[in-house]
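Asks: Here's the letter readout for the chains.
2 protein chains.
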Amino acid sequence: MSDIIQPRVLKGFRDFLPQAEMEREALLEALTETFRRFGFVPIDTPVLEYAEILLGKAGGETEKQVYRFKDNGERDVAMRFDLTVPFARFMAEHAGELYLPFRRYHMAKVWRGENTQRGRYREFMQCDFDIVGVDTASADFDIMATIAQAMSALGVPGASIHVNHRGVFNRFLAKAGISGKSVEALRVVDKLAKIGAEETRRQLAELAGDTAADEVLEFIKGGDGFEATLERMTRIAGGSNPDSDRLAELFGMATACGLSGMLTLSPSITRGLDYYTGVVFETFLDEIPEIGSVCSGGRYNDLASLYTRQRLPGVGASVGIDRLIAAFEALGRSGKRGGYTRVLVANSDPTLCAEYQAAASALRAEGIACEVYPEAKKLVQQYAYAELKGAAFALIRGPEEKGRGAWLLRNLSERANAEYASVDAVIAVLQGA
Amino acid sequence: MSDIIQPRVLKGFRDFLPQAEMEREALLEALTETFRRFGFVPIDTPVLEYAEILLGKAGGETEKQVYRFKDNGERDVAMRFDLTVPFARFMAEHAGELYLPFRRYHMAKVWRGENTQRGRYREFMQCDFDIVGVDTASADFDIMATIAQAMSALGVPGASIHVNHRGVFNRFLAKAGISGKSVEALRVVDKLAKIGAEETRRQLAELAGDTAADEVLEFIKGGDGFEATLERMTRIAGGSNPDSDRLAELFGMATACGLSGMLTLSPSITRGLDYYTGVVFETFLDEIPEIGSVCSGGRYNDLASLYTRQRLPGVGASVGIDRLIAAFEALGRSGKRGGYTRVLVANSDPTLCAEYQAAASALRAEGIACEVYPEAKKLVQQYAYAELKGAAFALIRGPEEKGRGAWLLRNLSERANAEYASVDAVIAVLQGA
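Those sequence lines, one after another, are chains S and Z.
Start counting the first sequence at 870; every next residue gets the next number (my numbering).
Start counting the second sequence at 870; every next residue gets the next number (my numbering).
Be aware that a few hints might be false.
When chains are identical, the list treats them as one kind, so a pair holds in a single copy or across two.
To be verified - Listed next, the in silico DSBU-like pairs over lysine-lysine satisfying Cα-Cα at most 30 Å (straight line): (1) K1246 x K1050; (2) K1258 x K1050; (3) K978 x K933; (4) K1063 x K880; (5) K1205 x K933.
Note that these hints are calculated values from the structure, not bench results.
Whenever a hint applies, use it, and build me the whole structure from the sequences.
Replies: Right under this line is the structure:
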């Protein structure tokens, strides 16, 4: 026969074997359940779109990373590199069929030809949720409350949501006389955690002079508790203003919902993207904050200006599912389940296979996940397989048991068998176990 | 500002708006639950692979349809056009990390640049499940039992699984002296339902002569019940043989599991693909059989011969999710739910927003999906929104209700309000509703 093709995946791409995929599915299901409980609805968009649509807003780096090609009809197409741009196109295209406020979630793969040396993947999943069509504290809070609930649903024992408001920072910059350099200043401040206070000061001084640099550092100093920090920020920024009021409202709602302990006001968080215009947030796991934010987002004042003249303000966030999986792995808290099978119906006599299948069918009718081992092998081999699948029990009937009308239920971890007179009796035991 | 980019999707691609996506998610969740109950585990593979790997086995038509291009690293890559080829590559690549028998499910998008005039989409979802590593009646039956359970989980009131065995047909062809033309004969027979008996006979006669054509038509005549048809097929094919025995075993298991009524032995079903070597099956909805098979598959004797010398026999099937959705649409049985929200917490006074959020938080803690309307609008507008989201209730507190310490729960379909003294009392009512 012909030669074999070496099986391999592209660099930066990966297979998910069952254990990894089961864990990912469990996380996605917890997020789905959370989103639905907060009134978000799902949408889906194509993986391939016109390059013009996807890249309308994109700059150099994104454009270089995108998978773009001519299709068989010579159309200039690209694979989506995020879920935000397709969502903007979607909202513009379907404005007449939708309603506002529109709360959507979308969990799907995106592709970027990133440098894989930094441990990045070229195919990864994004989990986005947004509320579009309003600009209120209540909508901002919904996103934060959803993050808090998502962390709880994911089984995270503790997490902190760090909040800030771009508007307060901009007011401060204006007062300090450096608002012409706000984008650059925001970018420097955004790197504070990475580059440290000293380097931040150096870069700020280079940008705006020594005095301004000191003022900026004074402004972004956090750590006094939400209300004290807000009071100080507001004062330095020139006093009472609607953006500070928004933060106070958010804190009030968080307090009413018992979530204030999770909130930290972090004047240094601005999110690098110029996209955000209001609140911004990042989420850190208490056990492993150094892994970075596992859920980030913020408020933007116009989602779809590239595709429609309708103004669509919104607020949203994105769960970093790969980072969460990495965090759980690092903490030794990954799911290690081999499968969903609870009972393996062992196959000790192929002539009894119809009985095995009938027993399995009866178990499944009661919601018990099970499978019939599909060929007659040594029981010890079947037990080994059952263990790989994470099964707790084996159900056994050989010619002997058949002769006396019995079924054996084996507890695989205890290696102990118990005998029952019917499959119904076995089901009763399993339902009680 | 700059001109607007016309928002649109590529021909053959489509957005899923919430109602359509909710329905698709509900179907996928029903399938997921079914697969897990039968011991299948999920895997995932990359959307992009080396073109050499995906196209190793593919012929002209597939190759023309595939999305293939050079990536930024000048690699010859392609988007997967099915889930079978990546699964074969996966099994070959990870043989050392997996175990046999291996039962996997994989539900994901695939891409083919098909002619969209035939109502085909260029991006669609496949839902595959397979058992690899054994060749037994029990494994074959597992696939059929999974199909039966899937139909039930999907809410299909009645479905028929049509079964056949390629081996019995091949034995018959050998006996009739036309086995040299078996592939061609199978292809003609496979079109029986489409082209009718007369045209089938004409094509067969052209291929193998008049006598053989009559014998073939006699052989593929069905409709006598499973056992009688099997008996006749077996006789015409030359008497007792292992392939007929396999069909008898399958029928025995189906009978033991109460599924025999769903099974039809259809000697004319062979599945066009040369890939299948054993049992083959197709599934038709009783209410709308003309839409075609909604779940098809069969047994193959070597999954991954392109990528490994390890022989991997298997059996599997694929649920046609798009066809099912079309069937439900045609039958008027599509889900028409607007959202998951059960209770809309109305916003009649923005200064009470923290209370609204606290109430929503309390409802959600009891598993009740709800959302706070994010701005203070007229109640009638908020009710209209609630209806769009499919909510059954609105929870209302304005300054008056606040004054007397009350909450109003409005039944939106009955347009009737009831007053309660606390959110807890409201929750108790909702839990009883």
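Asks: Does each hint fit the structure? Answer for all of them.
Replies: Going through the hints against the structure:
no. : hint          : in the structure
1   : K1246 x K1050 : neither (74 Å within a copy, 39 Å between copies)
2   : K1258 x K1050 : neither (59 Å within a copy, 44 Å between copies)
3   : K978 x K933   : both (19 Å within a copy, 25 Å between copies)
4   : K1063 x K880  : within (28 Å within a copy, 45 Å between copies)
5   : K1205 x K933  : neither (38 Å within a copy, 42 Å between copies)
Checked against the numbered hints given earlier, this structure breaks hints 1, 2 and 5; the rest are met.
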